[in-house]
Amino acid sequence: MLDAMTETAALPASPDDEAMRRVAAGDSAALALLFDRHKARLFGFLYHLIGDRAAAEDLLSETFLRLYQARRRYRAGSGFTPWLFAIARNLALAELRHRGAVNRAHERLIRETDCFEEAWEPERDAERERVRTALLALPEEQRAAVVLKEYQGLSYREVAQALGCTEEAARARTYRARTALREALRDWWEESEG
Amino acid sequence: MKKYGIHPKTTSETAAECRRLAPWIPDLGSGDLEPEQAAAVRTHLEGCAHCRGEAEAMLRVRSLLQAERCPEVRLPSGAALAGRILEREAARSREPWVRWSWPWVRSGPGWATVAVASFAVALLVRPGLEPQISAPGPAPVAEPLPALVVIDDERTGRRVLLAPADAGGQDG
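Protein chains in written order, with my numbering: chain F, 1 to 194; chain H, 1 to 172.
Treat the hints with care, as some may be off.
As the list claims (entries may be wrong) - Examples of chain F residues lying across from chain H (beta carbon under 8 Å, computed):
id, residue
1, Ser28
2, Leu31
3, Lys39
4, Phe43
5, Leu60
6, Leu65
7, Glu127
8, Arg128
9, Val131
10, Tyr156
11, Arg178
12, Arg182
13, Trp189
Honestly, the hints are just simulated from the structure, not real lab data. Quick reminder that beta carbons are idealized off the backbone N, C-alpha and C, glycines included.
All chains should be modelled from the sequences, with the hints used to inform the complete structure.
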């Protein structure tokens, strides 16, 4: 880590980079700070990727365990957020493969709809379910791209870093995902509008 | 709501322009386009009803995605999680095998490397697996026969052949 920090000393250190430097030195408070800073969006990413709330919670903790184990390999200035999402995505992919994935995750999602602790709004629930179904039907690469773009607000460059592809590929995957979502949802919104 | 799947235009030139600009349409106003790309999309949308419909549909998709938020969950505090992680790692580092082994041996690929290397060494040193047909080497050298000594036996008046040792013994 020190080597990495030295190499990129000229770059302005982000708050995340600074926290990672402290984590590498064994500072647990810095690890806690990073977790508190990123847990909500990382949970959202994992949830939309695998469609399972409980698994997303587990993978959230696992992501930070992996982050801690890889703390000396992190290079300051290389983009903490894409790095973090890349770790989370790798774990989510392994989880999806382990389960034989999308279908079972989808079943859980449908069951989960009943567990929301909020006022029952049949139309809203139907809309959410429809969107979740369409999202989970996307190929994983496209789903990860569109979730990072639409929900996490990452730039295409950051999406590319997180997915380990070129910026052009990230754009193309996001566009294909949007097009597929439009096709999947269009009939439904046409019906709902009469 | 109109259907957007069939392109209403007839000239291949305008259809090609629509295809070129289509991926940029959803990013209009998001800051992801270069100024000239955004200007090209805006100009095109003014004159293309088909692409205006596409833009409208993409906005609709975006708003639906935003409405599909993730559930509210009570996530652990950072302090609690960091404590658990450090505790777990400390316990792991106290394990004797982890403490005394090389880091690369602990990893999965490390074990695989050790296994493959051991198997290769076993193959090399195992006598039963030595090559059965070898290339012809130098011709074997015949051992020289012991020189024989011929003596005259005075008692019998005959000549007798003796090995050198016997001859020596007789000499002694």
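Hints and how they fare:
1. Ser28: At 4 Å from the nearest chain H Cβ, Ser28(F) passes the 8 Å test, so the hint holds.
2. Leu31: Nearest chain H Cβ about 4 Å off; hint holds.
3. Lys39: 5 Å, holds
4. Phe43: Phe43(F) check passes; min Cβ-Cβ to chain H is 6 Å, inside 8 Å.
5. Leu60: 7 Å, holds
6. Leu65: Interface hint status for Leu65(F): holds (5 Å vs cutoff 8 Å).
7. Glu127: 6 Å, holds
8. Arg128: Because about 5 Å separates Arg128(F) from the closest Cβ in chain H, which is inside the 8 Å limit, the hint holds.
9. Val131: 4 Å, holds
10. Tyr156: 6 Å, holds
11. Arg178: Hint on Arg178(F): holds, closest Cβ of chain H at ~5 Å, below 8 Å.
12. Arg182: 5 Å, holds
13. Trp189: With Cβ-Cβ at 7 Å, under 8 Å, it holds.
Checked against the numbered hints above, the structure breaks none of them.
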